[in-house]
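K.L.:
Sequence:
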Amino acid sequence: MIILSSKMTTKSLPKGKTMRIQTGNPVSGDDFYKRQHLIARIWDLIESGNHVLIAAPRRVGKTSLMYYLKDNPKKNFSFLFLDTESINNENEFFRRVVNKVLQTDFIKGSQKVFSFLEKHKPTIKKVGPDGVEFGVREDHDYLDMLSRILKATACAEKKLVIMLDEFPETLENIIDDEGENEGRHFLQSNRELRHDRELCNNVQFIYTGSIGLENVVSKLNAIQTINDLTRLKIPPLQTEEANEMIYMLKTNLPFELSKSLIGYMLEKIEWLIPFYIQLALQELKFLYRDEKPKSITKSIIDRAFDRMLEQRNHFENWHTRLRKALKASNDYNFVKELLNIASEKDTITSNEIFNLAVKYKLEDIYKDLVGSLIYDGYINNEEDNHVYRYNSPILRMWWRKNVAN
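With the numbering used here, the residue at position 374 of the sequence shown is 530, and numbering never jumps.
Bear in mind the hints are in silico, worked out from the structure with no lab data behind them.
The beta carbon of each residue, even a glycine, is placed where N, CA and C say it ideally should be.
One thing to keep in mind: the hints can contain errors.
[Claimed, not checked] Pairwise CB distance ranges (calculated):
1. Arg387 - Arg445: 40 to 48 Å
2. Asn232 - Lys173: 26 to 34 Å
3. Arg176 - Ser345: 35 to 43 Å
[What the hints assert, rightly or not] Lysine to aspartate or glutamate pairs mimicking DMTMM-like chemistry, simulated, CA-CA at most 20 Å apart:
4. Lys226 - Asp261
5. Lys523 - Glu370
6. Lys226 - Asp187
7. Lys557 - Asp462
8. Lys226 - Asp239
9. Lys375 - Glu334
10. Lys389 - Asp532
11. Lys314 - Glu203
12. Lys480 - Glu370
13. Lys314 - Glu354
Let the hints inform the model, and build the full structure from the sequences given.
P.N.:
The structure is reproduced here in structure tokens:
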């Protein structure tokens with residue numbers, strides 16, 4: 157049950173701070189809701205020299221957090237952000253990282269790097285205001301080049317944090333196109349780079365993605381290649397944070413929302429991640445504009461939630477992702493039926509899950525499949541170890557309407 161915090165008074169709310177309602181791309185600047193405890197936690201990890209794995213399901217704000225770090229670096233820190241989702245080859249991965257590194261303040265103006273680049277003119281594609289860009293050459297070792305460039309600029313005062321978004325998708329692409337051995341090699345190459353003694357004090361890595369890296373790596377029996385990464389979980393918003401966020405979004409609304417209506421809306425959302433809060437407010441805004449009611453009521457909020465479920469583009473990926481990840485038909489059918497039952501009955505028990513595993517002859521691996529659903533944000537068993545339910549009632553309603561039936 158959502159309870160409006162008594163601490164959240166008008167005086168305690170952030171004066172003059174507003175946010176735009178955005179339900180599409182990751183956000184930055186004033187549109188990023190700054191969770192100070194989360195920002196402090198990741199800075200603690202960075203300043204302690206850790207390599208970080210941001211572990212959280214899709215739509216919780218992982219990419220937006222990395223945008224914030226890049227836009228708000230502390231003294232002597234440079235941040236590089238690279239979305240690697242489309243990459244399907246190890247050498248291409250490191251070529252892209254090299255090109256990004258050469259655009260950072262960490263590198264610009266380095267005489268050693270300039271001398272290094274002079275020796276590699278044949279591989280240079282172009283030179284522009286943003287720096288040097290290397291073209292595609294399959295016979296060139298871009299991992300070695302990256303290592304040499306980083307070592308040429310290493311100094312005690314400066315640190316570079318390389319943030320790699322959708323890294324697990326890159327790993328899956330490599331496995332699909334080149335095989336599991338190449339996937340393991342890719343992971344080992346990244347590990348060796350992290351552990352290079354000439355770099356480890358000056359270069360750090362942050363990895364994240366829409367799917368769980370640990371799930372993909374576990375299937376390769378290569379968990380030792382990432383056991384040096386420190387896990388950072390991004391939990392849902394606390395009720396007080398959700399109230400504060402709504403307060404900052406209210407300037408974009410042509411109507412008033414009472415505390416009781418906000419509480420009612422948050423109870424319906426339940427899994428308080430910024431995306432669902434913004435999506436609910438957006439649909440409420442559209443409905444108000446279409447119908448022009450005198451005021452917002454609980455029934456209007458209910459209808460706004462019904463309209464949310466029609467936004468297939470916001471939810472379809474939860475289904476298509478499973479089709480892509482679970483290539484064995486029995487794996488997919490098992491997971492789909494599990495989620496169907498949980499969507500129709502609100503919960504599913506451990507015994508019911510085991511019976512499904514027997515039905516699909518998956519007794520040896522079904523716990524891994526359930527673990528993937530938990531890690532990727534579909535379900536949880538936090539209230540009772542033997543009872544599983546959806547994290548998001550909204551996703552549960554969408555699944556029941558569009559997949560289960």
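K.L.:
A separate judgement is required for each hint: does it hold in the structure or not?
P.N.:
A quick look at each hint next to the structure:
no. : hint                        : in the structure
1   : Arg387 - Arg445: 40 to 48 Å : holds (43 Å)
2   : Asn232 - Lys173: 26 to 34 Å : holds (29 Å)
3   : Arg176 - Ser345: 35 to 43 Å : holds (40 Å)
4   : Lys226 - Asp261             : holds (12 Å)
5   : Lys523 - Glu370             : holds (14 Å)
6   : Lys226 - Asp187             : holds (15 Å)
7   : Lys557 - Asp462             : holds (11 Å)
8   : Lys226 - Asp239             : holds (13 Å)
9   : Lys375 - Glu334             : holds (16 Å)
10  : Lys389 - Asp532             : holds (12 Å)
11  : Lys314 - Glu203             : holds (12 Å)
12  : Lys480 - Glu370             : holds (17 Å)
13  : Lys314 - Glu354             : holds (14 Å)
No hint from the list above goes unmet by this structure.
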